[in-house]
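**Q** So you can see what is in the structure, the chains are spelled out below.
Protein chains: 2
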Amino acid sequence: MLKEWTQEEDGLDGAQRKQLLKQYRQTLERQQLQVKEAGLPVIVLVEGWGAAGKGDAIQSLIRELDPRYYSVLSMKPPTEEERRWPFLKRYVQCIPPAGKLLFLDSGWLDELVRERLRGDLSEQQFLRGLESARMLERQLADSGYLLIKLFLHVDERTQRERLERLESGRDTAWRVTEDDRRQNRDYDRALELFSQGMEETDPDWARWKILDGTRRDRARLEAARWVSERIGQALEKRETPPTPVRNWELLPMPELSQVPLDACLEEERYQKRLKKLRKRLGALHNELYRKKVPVVLAFEGWDAAGKGGSIKRLTSALDPRGYEVLPIAAPEPGEKERHYLWRFWTRLPKTGHIAIFDRSWYGRVMVERIEGLCAPEDWQRAYDEINEFERELTDFGAVVLKFWLQIDQDTQLARFEQRQNTPEKRWKITEEDWRNRKKWDQYETAVNEMLQRTSTPAAPWYIIPAADKRFARIRVMELVIQALEQAL
Amino acid sequence: MLKEWTQEEDGLDGAQRKQLLKQYRQTLERQQLQVKEAGLPVIVLVEGWGAAGKGDAIQSLIRELDPRYYSVLSMKPPTEEERRWPFLKRYVQCIPPAGKLLFLDSGWLDELVRERLRGDLSEQQFLRGLESARMLERQLADSGYLLIKLFLHVDERTQRERLERLESGRDTAWRVTEDDRRQNRDYDRALELFSQGMEETDPDWARWKILDGTRRDRARLEAARWVSERIGQALEKRETPPTPVRNWELLPMPELSQVPLDACLEEERYQKRLKKLRKRLGALHNELYRKKVPVVLAFEGWDAAGKGGSIKRLTSALDPRGYEVLPIAAPEPGEKERHYLWRFWTRLPKTGHIAIFDRSWYGRVMVERIEGLCAPEDWQRAYDEINEFERELTDFGAVVLKFWLQIDQDTQLARFEQRQNTPEKRWKITEEDWRNRKKWDQYETAVNEMLQRTSTPAAPWYIIPAADKRFARIRVMELVIQALEQAL
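Taken in order, these protein sequences are the chains called A and B.
Note that the first sequence ends on residue 488 in this note's numbering; no numbers are left out.
Note that the second sequence ends on residue 1488 in this note's numbering; no numbers are left out.
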C-alpha cells in the first residue's frame, strides 16, 4: 500500500493550511477533555522512515494539549535486557490508562522492519511478529482502546539528503544511526517490508494513514486532521473489531466431578520423595538459568486447596535469585484502567527466570465472571485472549504450566474450620472465603469451561487431586520437573 | 570491622542448631503478620563475598514466609541503561511498601566495592557513594523503614575453593563472574574496601551483622536470629536516627512580599523573543542529548500563576523524544506506602533527557504541611531531605532548576474569575483552588520558608514575576537557556 501511494493536492495555500492546522489543534485541545471524561484510552502510533519527521509530527499534534492528559514515548531498539522478554512486552507495558493519550514515536512496525533488514529475523519470524502485533491491536481495540496509526513517508533521495544533513551537524550527527543508514541503502527492500507490514495490519477499525514527509506543512495538517477525526468518531461510537474465528488445538479435559480424589501419600515416602525431587529441581533450575529458558507457572484452585503449600515446596528447591512468587489479588486502580492482561504482561519472567503466579489471569473467567466484575462479552472473549497471550509466551520459548488444585466441598469445609480454630492460621480465612464457598456450583461450571477451553498442548492445564496435601505437592513437583526436562 | 572479626563458639551441636533455627523461622512466620499489621516496611540487605552463601541465607530466611508479604530481589551489576541515572535510583526504586519485607541479595556495598576494585570508581567517588548510601539509609529509617544488614564472610581460600567448584560444574559455571574472580584475586584489597564500607555505614540504628559463610548452619541460624530480633525490637519501638547537623550553603532569597510584579512585555516583542529563544533552546536540547546531560526542572507557584503556559512554551521548543512533563498530583496508594521521595526518584530523567515537573517534591513542605497530610517532624525534616536528594542529582551531573511563579492575590482572583466565565477553561478551576486561596497567608509563610531553606548554588530557586504571563514565559526560557549554556 505504501508503494502505490501518492499524495493528492489539497488546493490550499500556506496560509490556509496554517489556519486549518490551528483549528484542528483547537479541536484536539477540546477532545482531550472529552477523552478524559469518556475514559477513552488512545494510542497514536507514529511510524515512518528515519528522518521523515515523526518527531515533528508529534510535536505539532501535542502543541495545544495539556501534559496531564498525554504522554510521548520514543521507542528505541530493544536493549539486550529487553530482549529477554517476548517482543510485545515493551509495547504492552506502555499502554495508557483510560482517559489518556499516548503518542508512540515508532513502534512494532519499525522494530520488525529494522530487525528483518538487519537479518536478525527470518521471513517467517517477521510474519509471526506481524501476527503478534495484529493480535495485540485487536485485543486492545476489543477492550476499548482507540488506535490511530500514522506513517511518515519520504522517498529515497529526500531521506538520503536529510540523513546527510543531520550527519554533518555536530549536534545532530548522533541522531543518525546505523539502522537509518541501512534503511536508506536498502530503501527498496525496506519499502517492500513497510508495505507488507502495513497491509498485514490495516483492518477497517485501525487503518493506516500515510503522510507526506517531504512536505512538512501538509504532514502536520493531515496528521492533526486524521487524529482529531478518529477521536471524534470514537467519542461518538466505538468501532470494535469483528470476532475472528479461531480453532485452537485443545487437550481433552475431564469434568471436575469426574476427578478421583483418593490419591494419597504417607509421610515417610513423602519426605523421601520430596528430598529427591528438590535436588532434581534445584539442578534443573541451574540449567534453565544457564540456557535462559523462562518459566511461567500458574496456580489456581479452590480456596484452601493448598496452593500456598505447593508453591512453598517448589520454591524451597529454588535459588531465590531465579524465581519470583506473584500473588495476584484484585487489580489496583492503575491496573483496572488498562487492558486486563497488562498486569500480567508486565510481570512476566525474563529468560532464565521462573514466575510463579499464585492465582493468575484466569481470574477473568472465574471470579470476574461470577461476581459480574466484567461484562459477559469480556469474559467470553477472554478464553481466546488468554490462549493468544500464552501462545506469545510459548512461541518465545517459555515453559507454561497451569495447575488446578482440586478438592471437594467437605475437604474445604474441614480445612476452613481448622483454620478458624488455629490462632496463627486464622488470618488465612476471610469472610470472602465463606461467601465464595456458597457459590461452589457457579464456580464449578466456570472452572470446567475454563479447563475445556484453555488447555493447549503448549500450555496445558493439570488437575491436581489435592485432598491429600502431600500427594498434591509431590505431583506438582513431578510435573514441573517433567516439563523442564522436556524443555531442556 | 570485618578484618578483626571472629566467630565465637556457640556451644551448640548440629541438632540443637537445627531446632533453634526452626524456632526462629516460626517466629519470622508470626512476625510477617505483625509487620503487615503494623505497616512496617522492612529491608533485609544481604551483602557478602561472592560464593559466601547469600542465596542460601535468604532461602533459609524466607522458608516459612508467605510470598504475599515479601519479595526477593537480586541486584545485578547495573546495565548500561541503568547507569544513565544516579547510582541510588536502582535501590530507591525497589524499596518495599509499608507492611512488606524486601530481601535484597547484595546491594550498594557490593556495587561500590566491585566498581572500586575494577577501577571504575576513584577513592573519592567510592567515599561519595558510601555517603549517598548512608544518606539513603538514614532517610529511609527516618520515615519508618526498618533496615537489617547482614554480611556473609568467607576467607580467601574457602572462597577460591568454592569458585573453583562452581566453575567446574556445567550448570553452575555461569554463576562465577569475572568480578568474583577479581574479588578473590584481590582478596586483601576487597577485604579492606568491604571493611571500610561497613564502618562508614554502621550506625547504632542499623548495625551490620557479620555471618560466618564457611559454616552454613551457623550462618543460617545467626541470620534468622538477628533478623527476628531486629523485627521484634522494631515492632516494640521504632529506633530513629539522631538528627544530623548539616550546614547547607544557601542562596539568599527575598521574601515573596518584596518581589516586584510590575515587569511586563508587549506582544510583538514577546513573539520575537519567543521565536529566538525557541530556536536557541532547540539547539541546546540537541547538544545536551548528545552530551548526555540530564535536566530536572521543577515548576511551583500559586494556582493560576501560569505554570502550564510556561511549560508549554518551553516544550514547544523541544523534541518530544527528549523530554517528559510530569504532572504531580496527590500520591497514589502505592506511593503513599513508600518514602515520599520514591515517586520522584522513580521518575527522574535519564542522561540526555529533560524532566519537567509540574509541581514537585516541594508539595511536602507546602500542601502536605498546611493540610496536615504529614506529621510536623516529617515536613520539618524534608528541607534537608530535599537538599540531599537534589545534591544526588547535581553531583551526578544533572542540571536542576526550580521556579516559583509569583502573582498577587488580586491577579489570582481575576484569573480564577476569567476561567470560571470561559466555558472551555472552566475545567481548570476547582473547589480546591478556592479553598487554597483562603489559606494564602499560610502558604506564603510556607513558601518563604521553603525558598529560604532549599535554594542551593547547585539547585537554585528562581522567583518569576508572573503577573504578566508573557514576561514570565520569556524569563523562564531565558533562565533555562542560561543554565544549559553554563552546563554544556
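Don't read these hints as lab results, they were simulated from the structure.
Computed from a predicted model, the values in this text were never measured in an experiment.
Virtual Cβ for every residue (Gly too), placed ideally from N, Cα, C.
Keep in mind that the hints are not guaranteed to be accurate.
[Said to hold, decoys possible] Capping the alpha-carbon separation at 25 angstroms, the derived lysine-lysine pairs in DSS-like fashion look like this: (1) A:Lys312 / A:Lys336; (2) B:Lys1279 / A:Lys22; (3) B:Lys1022 / A:Lys312; (4) A:Lys22 / B:Lys1425.
[Unchecked claim] Below, a sample of chain A positions facing chain B; criterion: calculated Cβ distance under 7 angstroms: (5) Gln59; (6) Pro67; (7) Val72; (8) Met75; (9) Lys76; (10) Thr79; (11) Glu81; (12) Arg83; (13) Glu164; (14) Gly282; (15) Asn286; (16) Pro320; (17) Ala330.
[To be verified] Per the computed footprint, the stretches of chain B lying under chain A, defined by three or more beta-carbons under 8 angstroms from a beta-carbon of chain A, are: (18) 1132-1138; (19) 1277-1287; (20) 1436-1445.
**Q** All the hints need checking, so say for each whether the structure fits it.
**A** The hints, checked one at a time:
1. A threshold of 25 angstroms between alpha carbons decides the hint, and for lysine 312 (chain A) with lysine 336 (chain A) the separation of about 29 angstroms lies outside it, so the pair is violated.
2. Under the criterion of a C-alpha separation no larger than 25 angstroms, the hint pairing lysine 1279 (chain B) with lysine 22 (chain A) is consistent with the structure, at around 21 angstroms.
3. Proximity of lysine 1022 (chain B) to lysine 312 (chain A) is assessed by CA-CA distance (about 16 angstroms); at most 25 angstroms being required, the pair is judged to hold.
4. Between lysine 22 (chain A) and lysine 1425 (chain B) the CA atoms are separated by roughly 18 angstroms; this keeps the pair inside 25 angstroms, and the hint holds.
5. Interface hint status for glutamine 59 (chain A): upheld, as the beta-carbon distance to the closest one in chain B is roughly 5 angstroms, under 7 angstroms.
6. With a least beta-carbon distance of about 3 angstroms to chain B, the hint placing proline 67 (chain A) at the interface is held under the 7 angstroms criterion.
7. With 7 angstroms as the threshold, the beta carbon of valine 72 (chain A) comes within range of chain B, its nearest partner Cβ sitting at about 4 angstroms, so the hint holds.
8. The interface hint given for methionine 75 (chain A) is broken, as the beta carbon of that residue sits about 10 angstroms from the closest beta carbon of chain B, more than 7 angstroms.
9. Contact between lysine 76 (chain A) and chain B, as hinted, is not supported at the beta carbon level, the nearest pair being about 9 angstroms apart and thus beyond 7 angstroms.
10. Contact between threonine 79 (chain A) and chain B, as hinted, is supported at the beta carbon level, the nearest pair being about 6 angstroms apart and thus within 7 angstroms.
11. With 7 angstroms as the threshold, the beta carbon of glutamate 81 (chain A) comes within range of chain B, its nearest partner Cβ sitting at about 6 angstroms, so the hint holds.
12. The closest approach between the C-beta of arginine 83 (chain A) and any C-beta of chain B is roughly 12 angstroms, which is over the 7 angstroms cut-off, so the hint fails.
13. The criterion of a C-beta within 7 angstroms of any C-beta in chain B is not met by glutamate 164 (chain A), whose closest approach is roughly 17 angstroms, and the hint is violated.
14. The restraint placing glycine 282 (chain A) at the interface with chain B is violated, with a minimum CB-CB distance near 10 angstroms, outside the 7 angstroms limit.
15. At a threshold of 7 angstroms, the smallest CB-CB gap from asparagine 286 (chain A) to chain B is about 4 angstroms, leaving the interface hint in force.
16. At about 4 angstroms, the closest approach between the beta carbon of proline 320 (chain A) and any beta carbon in chain B falls short of 7 angstroms, and the interface hint on this residue holds.
17. For alanine 330 (chain A), the interface hint is violated, since its Cβ never comes within 7 angstroms of a Cβ in chain B; the closest pair sits about 13 angstroms apart.
18. With 0 residues carrying a beta carbon less than 8 angstroms from a beta carbon of chain A, the region 1132-1138 of chain B misses the three-residue requirement, and the given coverage is violated.
19. Restraint check on the region 1277-1287 of chain B versus chain A: 3 residues with Cβ-Cβ distances below 8 angstroms, three needed, restraint holds.
20. Given as covered by chain A, the region 1436-1445 of chain B fails the check, having 0 residues with a CB less than 8 angstroms from a CB of that chain where 3 are the minimum.
Taken one by one, the earlier hints fail for this structure at numbers 1, 8, 9, 12, 13, 14, 17, 18 and 20, listed in ascending order.
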